[in-house]
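Student: So the chains spell out like this:
Protein chains: 2
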Amino acid sequence: MSKVIVIGHKSPDTDSIAAAISYSNLKRELGMDAAAYRAGELNKESKFALDYFGVEAPEFIDHVEAGQQVILVDHNESKQCVDGIKDAEVIELVDHHRIGDFETASPIFILFCPVGCVNTIIYNLYKLNNVKPSRAMAGMMLSAIISDTVLFRSPTTTDKDREAVKELAELAGVNYEEYGMEMLKAGADISDYPAEKLAGNDTKEFESAGKVFTVGQISVMDVEPINAKKADIMAALEKNRAAHNYVASYLMVTNILTEDTYLWFTDGAKDVAEKAFNKNAEDNCVYLPKVMSRKKQVSPQLIKAYAE
Amino acid sequence: MSKVIVIGHKSPDTDSIAAAISYSNLKRELGMDAAAYRAGELNKESKFALDYFGVEAPEFIDHVEAGQQVILVDHNESKQCVDGIKDAEVIELVDHHRIGDFETASPIFILFCPVGCVNTIIYNLYKLNNVKPSRAMAGMMLSAIISDTVLFRSPTTTDKDREAVKELAELAGVNYEEYGMEMLKAGADISDYPAEKLAGNDTKEFESAGKVFTVGQISVMDVEPINAKKADIMAALEKNRAAHNYVASYLMVTNILTEDTYLWFTDGAKDVAEKAFNKNAEDNCVYLPKVMSRKKQVSPQLIKAYAE
Chain A
1 MSKVIVIGHK SPDTDSIAAA ISYSNLKREL GMDAAAYRAG ELNKESKFAL
51 DYFGVEAPEF IDHVEAGQQV ILVDHNESKQ CVDGIKDAEV IELVDHHRIG
101 DFETASPIFI LFCPVGCVNT IIYNLYKLNN VKPSRAMAGM MLSAIISDTV
151 LFRSPTTTDK DREAVKELAE LAGVNYEEYG MEMLKAGADI SDYPAEKLAG
201 NDTKEFESAG KVFTVGQISV MDVEPINAKK ADIMAALEKN RAAHNYVASY
251 LMVTNILTED TYLWFTDGAK DVAEKAFNKN AEDNCVYLPK VMSRKKQVSP
301 QLIKAYAE
Chain B
1 MSKVIVIGHK SPDTDSIAAA ISYSNLKREL GMDAAAYRAG ELNKESKFAL
51 DYFGVEAPEF IDHVEAGQQV ILVDHNESKQ CVDGIKDAEV IELVDHHRIG
101 DFETASPIFI LFCPVGCVNT IIYNLYKLNN VKPSRAMAGM MLSAIISDTV
151 LFRSPTTTDK DREAVKELAE LAGVNYEEYG MEMLKAGADI SDYPAEKLAG
201 NDTKEFESAG KVFTVGQISV MDVEPINAKK ADIMAALEKN RAAHNYVASY
251 LMVTNILTED TYLWFTDGAK DVAEKAFNKN AEDNCVYLPK VMSRKKQVSP
301 QLIKAYAE
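So the sequence lines, in the order shown, correspond to chains A and B.
Take 1 as the starting number for the first sequence in the UniProt record's numbering and just add one per residue.
Take 1 as the starting number for the second sequence in the UniProt record's numbering and just add one per residue.
One copy or two, it doesn't matter: identical chains are merged, so the pair holds either way.
No more than 30 angstroms apart at the CA atoms, straight line, and that leaves these computed lysine-lysine pairs for DSS-like:
| id | residue 1 | residue 2 |
| --- | --- | --- |
| 1 | Lys44 | Lys185 |
| 2 | Lys295 | Lys79 |
| 3 | Lys3 | Lys296 |
| 4 | Lys86 | Lys270 |
| 5 | Lys279 | Lys86 |
| 6 | Lys44 | Lys10 |
| 7 | Lys185 | Lys295 |
| 8 | Lys3 | Lys304 |
| 9 | Lys275 | Lys86 |
These are calculated hints, taken from the structure and not from any lab test.
These numbers come from a predicted model, not from an experiment.
Sequences are here, hints too, so could you generate the full structure?
Tutor: What follows is the structure, encoded as structure tokens:
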């Protein structure tokens with residue numbers, strides 16, 4: 001095992017997988033003995049990108065040892081970290097989310113930028129350090145930015161993300177619109193997933209005023225196949241909520257073509273959901289037009305609603 | 001009042017004062033309506049630097065209004081922030097300390113580097129943005145780095161601090177060793193301070209495992225005048241500790257010429273102090289040779305000792 005573990009969040013998306021790969025590669029170029037790991041199963045979209053650019057998947061680990069040196073990418077909240085992080089030594093943190101409950105005993109390098117994708121930040125760190133990414137590294141960073149910004153459709157998209165995509169597409173030698181649509185399609189093809197897996201898809205824990213809740217997300221190009229399984233998915237969502245004693249569990253069913261979200265929630269969360277989004281709920285669901293981003297359009301609103 | 005307040009910690013040192021000035025200036029150069037403020041009284045060293053480079057002192061404020069946009073420099077722990085910060089909106093954070101209890105609802109720009117002085121980071125942000133600092137701005141950043149690194153004597157000093165000092169001294173048109181020694185002397189001349197003021201000098205609150213304690217620091221070129229007032233200073237330290245119900249209060253009496261520290265503490269803290277530094281205490285004091293840095297050599301050790 002390398003001296004330093006570079007790792008993204010549990011239930012990793014393409015950004016977390018690619019960030020572990022691209023940032024550990026940059027650190028190695030700069031002389032650090034660092035390697036990429038993952039804290040959960042690969043999704044179809046990440047597999048597509050890894051295959052396309054011929055990159056090996058990061059090794060899976062379910063915990064880190066006490067004292068292990070770790071670099072966190074794409075997350076910082078303890079609830080989203082690989083198990084054991086409390087007794088490990090975090091030596092760097094690069095992220096683009098809100099910051100919550102992250103503490104160190106001594107000063108370390110920390111960089112957060114409010115951009116659509118952490119790989120946009122990492123690509124700029126390559127440039128800052130005059131390290132030219134290989135085709136494979138450029139391809140992984142490109143895939144992550146396309147994924148997180150849903151090909152620039154997400155309101156989290158910034159000019160810096162757009163700029164990075166254009167430069168990275170050139171380095172990776174692909175047409176980013178064609179490649180991006182192909183990759184998003186591969187990721188959205190989840191019709192064969194069982195209800196339990198759909199209910200837990202891309203799920204993150206949040207804490208607000210001592211209450212812990214989860215928000216998952218399914219990105220699709222057609223909501224009908226998911227709607228057809230709603231009863232089973234909701235049962236699985238509630239089962240998982242009860243098992244972990246969460247105050248509620250939410251699931252964003254996001255259509256990346258129509259750019260809207262059906263936010264499903266477990267029983268008992270109606271009042272909070274209605275207050276958070278100022279909408280009427282029906283059938284354990286609020287409809288959120290023009291909402292695609294958990295980070296910007298869903299979790300802050302829920303955190304606020306629970307804190308009030 | 002400008003739209004955005006740029007502010008350092010309570011009991012500001014030269015780094016916090018200079019960072020508010022230099023970073024607000026950079027943000028203005030980049031188009032933001034930002035201005036420098038301070039959360040406490042100026043010390044003699046900061047006054048010397050401001051006078052020398054003809055820079056106006058930042059305006060004092062004792063609180064920020066709810067909803068006010070704020071950029072924090074040189075600190076992040078809520079106990080060290082200007083009052084009212086909990087209901088203000090922090091939009092950026094640039095620091096070089098440990099991170100503790102800092103949270104946001106949404107992603108913002110955050111940059112921490114483990115360097116000796118936050119102005120080293122800010123100077124690099126000038127360079128990154130191709131903004132050339134004026135003589136006055138270069139002088140303030142230079143003063144801060146000399147202050148925080150005690151002219152490179154502190155173990156917190158990094159190559160980046162040394163590099164920045166050399167470049168900034170050129171921009172400011174001064175010999176940094178001569179200017180630095182003059183500035184440090186001005187700051188160390190605290191013989192006329194009353195005991196209450198010495199006891200509260202450059203004091204920061206810390207929290208560990210629910211226990212709140214303070215660590216202040218007095219930098220001198222001769223410990224005798226301070227030792228002569230020890231009884232009065234200790235009485236004032238204990239009075240302040242009791243008034244705020246701190247678990248303990250510590251005061252570093254640091255000789256910047258001999259590069260060592262006498263760490264004074266209030267009654268009842270002997271066990272923690274001995275454990276933290278693996279030293280025997282006598283007369284409410286542990287002697288710490290080669291220790292000058294609160295951030296690196298004192299507060300992490302105390303935080304750890306309280307958490308055990």
